[in-house]
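Let the sequences and hints guide you as you build the complete structure.
Per the UniProt record's numbering, the very first residue in the sequence shown carries number 1; after that it's consecutive.
Calculated directly from the structure, the hints in this document are not laboratory data.
In this text, a Cβ means the ideal position worked out from N, Cα and C, and glycines have one as well.
There could be a bad hint or two in this list.
Claimed, not checked - Cβ pair distances, simulated, as ranges:
no., residue 1, residue 2, range
1, 55, 129, 40 to 48 angstroms
2, 203, 27, 18 to 26 angstroms
3, 68, 12, 37 to 45 angstroms
4, 30, 117, 53 to 61 angstroms
5, 129, 85, 17 to 25 angstroms
6, 92, 140, 18 to 26 angstroms
7, 33, 189, 24 to 32 angstroms
8, 71, 138, 29 to 37 angstroms
9, 12, 222, 13 to 21 angstroms
10, 227, 164, 43 to 51 angstroms
11, 6, 193, 13 to 21 angstroms
12, 222, 67, 19 to 27 angstroms
Claimed, not checked - Capping the alpha-carbon separation at 30 angstroms, the derived lysine-lysine pairs in DSSO-like fashion look like this:
no., residue 1, residue 2
13, 47, 197
14, 27, 70
15, 27, 47
16, 91, 47
17, 128, 169
18, 128, 98
19, 70, 169
20, 47, 122
21, 128, 91
22, 128, 70
23, 197, 27
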Amino acid sequence: MAEQITFLSLSNSTIGSTSDFHSNVCKLIDGATPAALHIEDLYPAYKTATGTLASVVNRRTAFVSTEALKRADQRRDRGCGTTINVVNAFKNSLVTAKSEAAAFLAPQLAPYRGIGHHEYSKQTAEVKGMLAVLNDPANADAVEALGLTDDVAELAAANAAFEELFAQKAAELADRAPVSALDSAEVTRDANACYEKIVQVVNAYAIVSPTEEINGFIHDLNGYIAAYALIAGGSSKPSGSTDPEEPEKPEEPTDPEEGGGTPGEI
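In structure tokens, the structure reads:
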């Protein structure tokens, strides 16, 4: 009787398990060679679909720039707060030059109170406005009188650093966009459909023109099919096994979706 690839229902498998199965099938095909299996025309599409499915399973759910962006935002928050607090404090200074300088700057900086609580993009624009006030030549003497010259320079640097990190976050989002837009169910169906076509061809050749390569491929693939059937059924090994190294019901990874986030993040 001709060797045949046995049926495997992937409908109860998680996307992670399904992806792993297809990746292992691709390894078997590479080992046997598509030519020996008569699937040269079908394999490229299957390998591409398998790679796409793997990218969905392993798509990133966090960004490298997120924490750095948060720290940079906190730094400019402190810079804004310190500058405004210094101006407000010196309004009551006993040193006339300082109290007058503070009284001169305070109303100009009033619109920027509390900007540390605003969303990232809005605050970036507001800090630029605040810096424009502090760097106005007409305010230079007042800024110097209150000893804020260095603080203004550091605030400008902090805002520039934040903008650079924000651009990096946008670049990360752009890189991730193609994978994020993929529908997990559709990608899974594509990989499964490509696999079924390959099974049909290999099984047909196993009947009409069997070879050692075809039979060996079918034998190895059926081993994987048996293993993944157990996983889909809720067990990683046959019932009655006492292997202490293997869990009875392994938890399969599910399709990751990004969640959480903080106000102002993108």
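Here's how the hints hold up against the structure:
{"no.": "1", "hint": "55 - 129: 40 to 48 angstroms", "verdict": "holds (42 angstroms)"}
{"no.": "2", "hint": "203 - 27: 18 to 26 angstroms", "verdict": "holds (20 angstroms)"}
{"no.": "3", "hint": "68 - 12: 37 to 45 angstroms", "verdict": "holds (42 angstroms)"}
{"no.": "4", "hint": "30 - 117: 53 to 61 angstroms", "verdict": "holds (56 angstroms)"}
{"no.": "5", "hint": "129 - 85: 17 to 25 angstroms", "verdict": "holds (18 angstroms)"}
{"no.": "6", "hint": "92 - 140: 18 to 26 angstroms", "verdict": "holds (23 angstroms)"}
{"no.": "7", "hint": "33 - 189: 24 to 32 angstroms", "verdict": "holds (27 angstroms)"}
{"no.": "8", "hint": "71 - 138: 29 to 37 angstroms", "verdict": "holds (34 angstroms)"}
{"no.": "9", "hint": "12 - 222: 13 to 21 angstroms", "verdict": "holds (19 angstroms)"}
{"no.": "10", "hint": "227 - 164: 43 to 51 angstroms", "verdict": "holds (49 angstroms)"}
{"no.": "11", "hint": "6 - 193: 13 to 21 angstroms", "verdict": "holds (18 angstroms)"}
{"no.": "12", "hint": "222 - 67: 19 to 27 angstroms", "verdict": "violated (47 angstroms)"}
{"no.": "13", "hint": "47 - 197", "verdict": "holds (13 angstroms)"}
{"no.": "14", "hint": "27 - 70", "verdict": "violated (42 angstroms)"}
{"no.": "15", "hint": "27 - 47", "verdict": "holds (10 angstroms)"}
{"no.": "16", "hint": "91 - 47", "verdict": "violated (71 angstroms)"}
{"no.": "17", "hint": "128 - 169", "verdict": "holds (20 angstroms)"}
{"no.": "18", "hint": "128 - 98", "verdict": "holds (25 angstroms)"}
{"no.": "19", "hint": "70 - 169", "verdict": "holds (11 angstroms)"}
{"no.": "20", "hint": "47 - 122", "verdict": "violated (45 angstroms)"}
{"no.": "21", "hint": "128 - 91", "verdict": "holds (24 angstroms)"}
{"no.": "22", "hint": "128 - 70", "verdict": "holds (18 angstroms)"}
{"no.": "23", "hint": "197 - 27", "verdict": "holds (17 angstroms)"}
In this structure, the earlier hints numbered 12, 14, 16, 20 are contradicted, and the remaining ones agree with it.
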